[in-house]
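**Q** I would like the entire structure built from these sequences, with the hints used as guidance.
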Amino acid sequence: MTVARDSACTALFDEKIYVMGGCDVDACYANLIEVFDIKTQTWTALPGPGSDEDDKLLYDYRALINVFEGKIYLAADEKDYTYDPKDGTWKLVRDKSSSFPTPLCIGVRWRMCYTVALTWGT
3 MTVARDSACT ALFDEKIYVM GGCDVDACYA NLIEVFDIKT QTWTALPGPG
53 SDEDDKLLYD YRALINVFEG KIYLAADEKD YTYDPKDGTW KLVRDKSSSF
103 PTPLCIGVRW RMCYTVALTW GT
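Numbering of the sequence shown is given in my numbering, commencing with residue 3 and proceeding in unit increments.
Please keep in mind that the hints were generated in silico from the structure rather than gathered at the bench. Wrong hints could be hidden among the right ones.
[Unchecked claim] Pair by pair, the computed Cβ-Cβ distance ranges are: (1) W45 with K88: 29 to 35 Å; (2) E71 with Q43: 24 to 30 Å; (3) A6 with D89: 27 to 33 Å; (4) Q43 with T91: 34 to 40 Å; (5) G72 with A6: 29 to 35 Å.
[To be verified] With a straight-line Cα cutoff of 25 Å, these simulated DMTMM-like cross-link-like pairs (lysine to aspartate or glutamate) come out: (6) K88 with D16; (7) K88 with D8; (8) K41 with D89; (9) K93 with E36; (10) K81 with E36; (11) K73 with D16; (12) K81 with D97; (13) K88 with E71.
Source: prediction; values computed, not measured. Backbone N, C-alpha and C fix where the C-beta goes; we use that ideal spot for every residue, glycine too.
**A** Structure (structure tokens):
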């Protein structure tokens with residue numbers, strides 16, 4: 003990693019390790035999410051989902067990062083995002099209005115990933 007982190011969130015996808023948050027604002031802002039390529043043994047930085055939200059994600063220990071159907075899902079605070087590694091884009095999946103009390107990731111066909119459980123529905 004290019005910056006020191008504490009209690010960061012991680013996910014493994016396509017022989018790459020995605021690491022998010024857990025660092026101080028000055029050191030981490032430009033490297034909110036870093037990716038370690040296992041094949042090349044190199045680190046690269048990814049942009050966060052959006053500049054207004056990036057500050058909130060730096061120390062959000064409730065944040066979750068998961069992989070599902072070729073995309074990376076990030077649940078933090080009251081917003082959920084998806085990142086598509088193929089085209090490098092972020093998309094807001096859910097914003098504030100929800101009846102669920104804990105962060106979750108909503109996937110295709112109502113598959114939901116909670117902080118403490120996994121619920122499948124069709």
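**Q** Hint by hint, say whether it matches the structure.
**A** Status of the hints after comparison with the structure:
1. Between W45 and K88 the beta carbon distance is about 20 Å. The supplied range of 29 to 35 Å is therefore violated.
2. A hinted range of 24 to 30 Å for the beta carbons of E71 and Q43 is consistent with their spacing of about 27 Å.
3. A beta carbon spacing of about 30 Å between A6 and D89 agrees with the range 27 to 33 Å that was offered as a hint.
4. Taken as a hint, the range 34 to 40 Å is violated for the pair Q43 and T91, whose Cβ atoms sit roughly 26 Å apart.
5. Checked against the hint of 29 to 35 Å, the C-beta distance between G72 and A6 comes to roughly 31 Å, which is consistent with it.
6. For the proposed pair K88 and D16, the alpha carbon gap of about 11 Å is at most 25 Å, so the pair holds.
7. Of the pairs offered as hints, the one joining K88 and D8 is violated, with about 28 Å between alpha carbons and a cut-off of 25 Å exceeded.
8. For the proposed pair K41 and D89, the alpha carbon gap of about 20 Å is at most 25 Å, so the pair holds.
9. A threshold of 25 Å between alpha carbons decides the hint, and for K93 with E36 the separation of about 18 Å falls inside it, so the pair holds.
10. Of the pairs offered as hints, the one joining K81 and E36 holds, with about 20 Å between alpha carbons and a cut-off of 25 Å not exceeded.
11. Restraint check: the Cα-Cα separation between K73 and D16 comes to about 10 Å, which is no more than 25 Å; the hinted pair holds.
12. For a cut-off of 25 Å, the pair hint linking K81 to D97 stands: about 5 Å separates their Cα positions.
13. In summary, the hint linking K88 to E71 is supported, as the alpha carbons are separated by about 12 Å, within the 25 Å threshold.
Consistency with the previously given hints fails for numbers 1, 4 and 7, ordered from lowest to highest.
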